[in-house]
Amino acid sequence: MLDLDSFKEVWQAITRNKTRSVLTAFGVFWGIFMYVVMTGLGNGFENGLMRMVDQISPNAVFFFPNATSVEYKGFNSGRFWSMNNDDMHMVKENIPAVEYVSGMMFMYPSNPTTYKERSGEYSINGIDNYYQEINPMPLLFGRFFNDFDMLEQRKMCIIGVTVWQTLFENGMDPVGERLNVDGVFYTVVGVVNPGDAINLGGDAKEAIYIPSSTFQQVYNYGKNIDALMVAAYDKADINQVENEIKELLKNKHFIAPEDNIAISHFNVQQIFLMFNYLFLGLNILIWIVGMGTMLAGVVGVSNIMLVTIKERTQEIGIKRAIGAKPRAILMQVMSESTVLTFIAGFFGLFFGVLILTIVDKLVTDAEMFYNPYISFNMAVLAAVIILLSGAVAGIIPARNAVRIKAIDALRDE
Amino acid sequence: MLTINNLHKTYFGASPLHVLKGINLHIKEGEMVVIMGSSGSGKSTLLNIIGILDNYDEGEYYLNNLLVKDLSENKSSEYRNRYIGFVFQNFNLISYKTALENVALPLYYQNISRKKRTAKAMELLERLGLADWSGHFPNEMSGGQKQRIALARALITNPKLILADEPTGALDSKTSEEVIDLLKDINRETGTTLVIVTHEQMVAEKAERIIRIVDGVIEQ
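In the order they appear, the protein sequences are chains W and B.
Note that the working numbering has the first sequence beginning at 1, numbered continuously upward.
Note that the working numbering has the second sequence beginning at 1, numbered continuously upward.
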């Protein structure tokens, strides 16, 4: 169909009419370029956010007490209540789908935390050893808490990465060192580098974690906890588990069943779902805009070729006069359109990927942005669309070109 | 070579225009004929019909003993390519092709390889003394040079018939004479039949036979 000799003819027509070719092809170039860049950036945000959230157990649920809003069983509305260790046991024992339970407490001490001559202000969080199963925090040094730390209310702590960087010599292993936290000395057993997705009680990187039993003793909490965290088994229906726990808590703490304010809660799956819809929406938008831009490009190619065909009446007429059959003219125009679109599309793809690579190199420390590339499949799809659209763009101009008769060229003098 | 019997042609526009009103013409192989006539007399229409660029309504036209009537676009393209070479008043060279490429183009439509057609075109340009101009584009050449390139393009397929529509219309008198002499030489050397439409007396004087068209008929 398109042998080397006819390709050379087409190539000559394209390269010897540079301005015309560049103007024709620009629309498609821009369409593909925008499509690649937008898809890549969209993927970058998606990868970045997903990297942040995928550390958390997708089956985690969080509960916080609030003042009640409904009068119930002799209690006024606006009553403050709190959760405690017994609630944790109750939840674990009554709901079979629950795998892990952890309490959590928050404290913002008025005294700075000190180590030797260095100091800083950090929040103090009490957590159970199962916290690591619910909202895992990658360890840089040392270990996490264990059952004995909890039972014996040991004075030990795990510090966030920022605390470690501020209080200790560059790169020093702090395990075994003793920190003065709010007037009490704790032995460092580990350093964690938590993700940014879910921060309870301030920036997790700037927090000092101590065993919840220790926290309750030091700060006179008794058996109380500030928040309850639960992870269900993988196959459990997390929304159902969430509701069951809520009912249990309401029942035990004399909260009206219709009181929707007394317990704040959220589960991670809802957040995942929200992100998924967000990115679905974003991807659909990118598709619509990208395809629209590409379509505009193709229509542009078709349109400009249509105009140039009119301009090229003489050229085509001469060719017909000296013996070109209609099919030869048809092939010429279609081939020109396809070759032009293909080259333009290829450049669009190339520069799009180039921009993405540059962006990836420049943006290194943004948590929300990671690996902005388009997949190989997407690139192949784009290439197929370019080739098809190139052929389609050529149809109308080619049809018009074929209608030109040799005598038209001689009349147009 | 070429026989036309009782040929009629009408242009159907807002008001129908009966241009050719029964042309009878016979041209022998190797003849050099000039067709003359005032503008609107139908001489260009006749030339277009002879060149299979236009069709006619009534009568018969035999080219090389083949009846040329109601041919398909494909057939007429093939016949033009095989039997006829064209020379136009405004040269009609393709602007983005070099002289050599313009000359070789008709052979492209015969599916002759690039190498062969370039060699043949080069040989022809050498014969016409235009070898130095082979790499130049039409806009870098003078009118006379362009018309000689166009002539080379008409000759490359070894046609039976060369049709020239006002070949000297855009040239000064000196160049005109050179181009006509060249046409005459080719006619003499290769025996190619030559039909020239013109209204210049100088051109007519060089022809063996002059046909005058007045109001769509040939004046005897």
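Incorrect hints may have been included.
What the hints assert, rightly or not - Keeping only pairs whose Cα atoms sit at most 20 Å apart, straight-line, the calculated EDC-like set for lysine to aspartate or glutamate is: (1) K120(B) <-> E133(W); (2) K97(B) <-> D5(W); (3) K184(B) <-> E29(B); (4) K120(B) <-> E9(W); (5) K405(W) <-> E140(B); (6) K115(B) <-> E9(W); (7) K235(W) <-> D365(W); (8) K28(B) <-> D185(B); (9) K92(W) <-> E133(W); (10) K115(B) <-> E311(W); (11) K325(W) <-> D181(B); (12) K325(W) <-> D185(B); (13) K116(B) <-> D182(W); (14) K405(W) <-> E78(B); (15) K116(B) <-> E133(W); (16) K405(W) <-> E73(B); (17) K97(B) <-> E9(W); (18) K69(B) <-> E58(B); (19) K325(W) <-> E73(B); (20) K205(W) <-> D237(W); (21) K75(B) <-> E311(W); (22) K325(W) <-> E140(B); (23) K116(B) <-> D5(W); (24) K18(W) <-> E140(B).
These aren't lab readings, by the way, just hints derived from the structure by calculation.
Cross-check of the supplied hints:
1. With a CA separation close to 84 Å, the supplied pair K120(B) and E133(W) exceeds the 20 Å bound.
2. Taking the CA atoms of K97(B) and D5(W), the gap is about 15 Å. The hint holds against a cut of 20 Å.
3. For the given pair, K184(B) sits about 14 Å from E29(B) by alpha-carbon distance, which is consistent with the 20 Å threshold.
4. A hinted pair counts as satisfied when its Cα atoms are at most 20 Å apart, and K120(B) with E9(W) qualifies at roughly 18 Å.
5. Pair hint K405(W) plus E140(B) does not hold up; C-alpha atoms about 28 Å apart against a cutoff of 20 Å.
6. About 14 Å separates the Cα atoms of K115(B) and E9(W), which keeps this hinted pair within 20 Å; it holds.
7. Using a Cα cut-off of 20 Å, the hinted pair K235(W) and D365(W) is violated, with the two alpha carbons roughly 36 Å apart.
8. Taking the CA atoms of K28(B) and D185(B), the gap is near 18 Å; set against the 20 Å cutoff, the hint holds.
9. As the CA atoms of K92(W) and E133(W) are separated by approximately 15 Å, the hinted pair is consistent with the 20 Å bound.
10. With a C-alpha separation of about 31 Å, the suggested pair K115(B) and E311(W) falls outside the 20 Å cut-off, and the hint is violated.
11. For the proposed pair K325(W) and D181(B), the alpha carbon gap of about 33 Å is over 20 Å, so the pair is violated.
12. Distance restraint check for K325(W) and D185(B): the Cα-Cα separation of roughly 31 Å exceeds the 20 Å cut-off, and the hinted pair is therefore not satisfied.
13. A C-alpha spacing of about 95 Å is found between K116(B) and D182(W), which places the hinted pair above 20 Å, so the restraint is violated.
14. Of the pairs offered as hints, the one joining K405(W) and E78(B) holds, with about 14 Å between alpha carbons and a cut-off of 20 Å not exceeded.
15. With a C-alpha separation of about 79 Å, the suggested pair K116(B) and E133(W) falls outside the 20 Å cut-off, and the hint is violated.
16. Among the hinted pairs, K405(W) with E73(B) is consistent with the structure: their alpha-carbon atoms are about 9 Å apart, no more than 20 Å.
17. For a cut-off of 20 Å, the pair hint linking K97(B) to E9(W) stands: about 10 Å separates their Cα positions.
18. Under the criterion of a C-alpha separation no larger than 20 Å, the hint pairing K69(B) with E58(B) is consistent with the structure, at around 10 Å.
19. This hinted pair checks out: K325(W) and E73(B) have alpha carbons roughly 7 Å apart, not beyond 20 Å.
20. The suggested pairing of K205(W) with D237(W) is violated, with an alpha-carbon distance near 31 Å, which exceeds 20 Å.
21. The hinted pair formed by K75(B) and E311(W) fails the criterion: a straight-line CA distance of about 26 Å is larger than 20 Å.
22. For the hint pairing K325(W) with E140(B), the CA-to-CA distance comes to about 30 Å; that exceeds 20 Å, so the pair is violated.
23. For a cut-off of 20 Å, the pair hint linking K116(B) to D5(W) stands: about 12 Å separates their Cα positions.
24. Between the alpha carbons of K18(W) and E140(B) the distance comes to roughly 18 Å, so the proposed pair stays at or under 20 Å and holds.
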